[in-house]
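Once you've looked at the hints, dock chain D against the given chain E.
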Amino acid sequence: MKTGAALAIRDVRMSYALATGELPVLTGIHLNIKPGEFLSLVGTSGCGKSTLLRLIGGLEKAGGGEILLDGKAVEKPGLDRGMVFQESRLFPWMTAEENVAFGCLRNLSTSEIRETVESHLRLVGLSGFGKAYPRQLSGGMQQRAAIARALVGKPRVLLLDEPFGALDALTRIQMQAEILRIWQAQKTTVILVTHDMEEAVYLGDRVAVMSPRPGTIKQIVPVPLARPRDRSGTPFVKIRRKIYDEFFGKGKTTSDTKPQRHEGRRRK
Amino acid sequence: MVVPCLLLILWQALCDHGVFRSSYLPSPLVIGKTFLDLVASGELWRNLRVSFLRVLEGFALGAGLGTVLGLTMGLSSRMERALSLLTGLLRPVPTIAWIPLLILWLGIGEGSKVVVIAVGSFWPVLLNVIQGVRGTDPRYLEVARVLEKDRWTLLTRVILPSALPSLFTGLRVGMGIAWASVVGAELIAASSGIGYMIMYAREVSQPDVMLVGVAAIGLTGLLIDFLLLWAERRLLKWNRR
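So the protein lines, in turn, are chains E and D. All letters in the first sequence, in the order written, are residues 19 to 286 by this note's numbering. All letters in the second sequence, in the order written, are residues 3 to 243 by this note's numbering.
What the hints contain is simulated information worked out from the structure, not anything from laboratory work. Remember, it's a predicted structure, so these values are computed and weren't measured experimentally. For each residue, glycine too, the CB sits at the ideal point set by N, CA and C. Treat the hints with caution; some may be incorrect.
[Unchecked claim] Calculated lysine-lysine pairs in the DSBU-like style (CA-CA distance at most 35 Å, straight line):
1. E:K256 <-> E:K52
2. E:K205 <-> E:K172
3. E:K94 <-> D:K151
4. E:K205 <-> D:K151
5. E:K260 <-> E:K79
6. E:K52 <-> E:K90
7. D:K151 <-> E:K79
8. E:K172 <-> E:K149
9. D:K239 <-> E:K149
10. D:K151 <-> E:K52
11. E:K256 <-> E:K205
12. E:K172 <-> D:K151
13. E:K172 <-> E:K94
14. E:K236 <-> E:K256
15. D:K151 <-> E:K149
16. E:K90 <-> D:K151
17. E:K52 <-> E:K79
18. D:K239 <-> E:K172
[As the list claims (entries may be wrong)] Among the chain E residues that face chain D by a calculated CB cut under 10 Å, a handful are:
19. P95
20. R99
21. W111
22. C122
23. R153
[Unchecked claim] Derived Cβ-Cβ restraints for the label pairs, each shown as a range:
24. D:R141 <-> E:G143: 22 to 28 Å
25. E:Q202 <-> D:L85: 54 to 60 Å
26. E:L243 <-> D:D139: 36 to 42 Å
27. D:L230 <-> E:D186: 36 to 42 Å
28. E:P246 <-> D:R83: 56 to 62 Å
29. E:G64 <-> D:I98: 55 to 61 Å
30. E:T21 <-> D:S78: 39 to 45 Å
31. D:G66 <-> E:P246: 58 to 64 Å
32. E:T252 <-> D:R136: 53 to 59 Å
33. E:R28 <-> D:R141: 28 to 34 Å
34. E:A244 <-> D:A233: 54 to 60 Å
35. D:R136 <-> E:R247: 46 to 52 Å
For reference, chain E alone in the conformation it holds in the complex (with noise of 0.2 Å):
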């Protein structure tokens, strides 16, 4: 089985075209990562990080700078990047499984789409439900079945743009676990777009935090913890707490710094 592809992001640029004239997203992004690697992107929203996924994976174009995937440019998007996106974006015509196979590549039998649609429903805890049309299935399971047409055309890297973003807190913590548990078994590539500090720290080999206007990549913060992770440890906590800093300045408490939506619902 392929694994994981290496990305090398080299002074990535871009900027939207305005009336008033151009308005920068992204300036001066450097990035590699390495085959396998889990790398969580946080940041505010409007800082450009999922600008950058969407750059890696071809749909959209950058003003300068090269994407690197196993050294070869990335120009359009292609079967080797897998994404998801925060809405599941599951065709309401097709059920589960056909859903899925969309993702298959093309050279495939009916017999070997219908073993890896089967398997990989399998893989996402979708087992029993690939009759069922999106409309039947709840939030997190949608996006089980995001996640395994994602995978189905064996991506080299897969590309989560807040996957679990629109789901509720408990969905939230059993689908960053799956995810996890996917990665581990397909052993991709992953980078992981996430508003979320602790989804960041949990999931990621290394946090890269952005900051916005226009967006660069302020600090990468490498989390050097063995999974499965506990939240509340105080190494994890630590951690946090870094890529909290990096936010809002070193020393800063909740209380006099503004109120945050999400820092300020996970802090206690």
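Relative to chain E, chain D alone:
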């Protein structure tokens, strides 16, 4: 059911007391008897069948053209630009306005009637298909791009299914107009069909036959719409219902 029944009773009572003259508005009982007579003689079925076949032919032609042209205009903005002035100009023309011209060009035979129906059902199908194709969620198109799907797969598996609810709306509206147009065409020039039956009854002063004809048109229209709705529910069971 209560309101129609009460109306029928009132209608019957007013006729019995001579408020309505039977040469203008016959009583429900008389109409019922005429209905049974027309069914027994086979006249009603024969005329309905003729009209229905015309509708099927014209509708197949109009809806087919509307779907094909709607798809091309929905998919290619160049086609849309090229044709939008023409369609914008022709669309507001009521179907009936074409009847005299079509009789001139195609004679009073089947051809002119079928084309009238085709014109009537063409527009709602065209407009709804364009809207349906245009309305495909760009996020779904993005998924297809990420999965490297070719144009044919994109069209058949993503764009067409997502346009299907709109297409069905167009078909239902188009069928309603087709059924109305056949009667219109037959009222003006025909020697058979349900519209002809009504027109002929006027000439020989048979208001009961005219009313049976009107009721038959209404009932058939209702039945056709019901059938299309049923087909839609079966085909689009993934859609919320």
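Going down the list of hints, with the structure as the test:
1. E:K256 <-> E:K52: Given pair K256 of chain E, K52 of chain E holds - Cα atoms ~25 Å apart, limit 35 Å.
2. E:K205 <-> E:K172: holds, 11 Å
3. E:K94 <-> D:K151: With Cα atoms ~13 Å apart, K94 of chain E and K151 of chain D stay inside 35 Å; holds.
4. E:K205 <-> D:K151: holds, 25 Å
5. E:K260 <-> E:K79: holds, 33 Å
6. E:K52 <-> E:K90: Distance of about 15 Å is within 35 Å: holds.
7. D:K151 <-> E:K79: holds, 19 Å
8. E:K172 <-> E:K149: Holds, at about 23 Å.
9. D:K239 <-> E:K149: Distance of about 13 Å is within 35 Å: holds.
10. D:K151 <-> E:K52: holds, 29 Å
11. E:K256 <-> E:K205: Holds, because 28 Å separates the two Cα atoms, which is no more than 35 Å.
12. E:K172 <-> D:K151: It holds: about 15 Å lies between the C-alpha atoms, which stays within 35 Å.
13. E:K172 <-> E:K94: holds, 17 Å
14. E:K236 <-> E:K256: holds, 18 Å
15. D:K151 <-> E:K149: Roughly 23 Å separates the two Cα atoms, so the pair holds.
16. E:K90 <-> D:K151: Since the Cα atoms of K90 of chain E and K151 of chain D sit roughly 21 Å apart, the hinted pair holds (cutoff 35 Å).
17. E:K52 <-> E:K79: Given that 35 Å is the threshold and the Cα spacing comes to 23 Å, the pair holds.
18. D:K239 <-> E:K172: The hint holds at about 31 Å.
19. P95: holds, 5 Å
20. R99: holds, 7 Å
21. W111: This hint holds: W111 of chain E lies near chain D, its Cβ roughly 4 Å from the closest one there, short of 10 Å.
22. C122: holds, 9 Å
23. R153: Hint holds; R153 of chain E Cβ to chain D Cβ min 6 Å, cut 10 Å.
24. D:R141 <-> E:G143: 22 to 28 Å: holds, 25 Å
25. E:Q202 <-> D:L85: 54 to 60 Å: About 56 Å separates the Cβ atoms of Q202 of chain E and L85 of chain D, which means 54 to 60 Å holds.
26. E:L243 <-> D:D139: 36 to 42 Å: holds, 40 Å
27. D:L230 <-> E:D186: 36 to 42 Å: Holds: the Cβ-Cβ distance is about 40 Å, inside 36 to 42 Å.
28. E:P246 <-> D:R83: 56 to 62 Å: Given about 58 Å between the Cβ atoms, the range holds.
29. E:G64 <-> D:I98: 55 to 61 Å: Cβ of G64 of chain E to Cβ of I98 of chain D: about 57 Å, so the range 55 to 61 Å holds.
30. E:T21 <-> D:S78: 39 to 45 Å: 43 Å Cβ-Cβ, so the 39 to 45 Å window holds.
31. D:G66 <-> E:P246: 58 to 64 Å: holds, 60 Å
32. E:T252 <-> D:R136: 53 to 59 Å: holds, 56 Å
33. E:R28 <-> D:R141: 28 to 34 Å: Holds, at about 29 Å.
34. E:A244 <-> D:A233: 54 to 60 Å: 59 Å Cβ-Cβ, so the 54 to 60 Å window holds.
35. D:R136 <-> E:R247: 46 to 52 Å: holds, 48 Å
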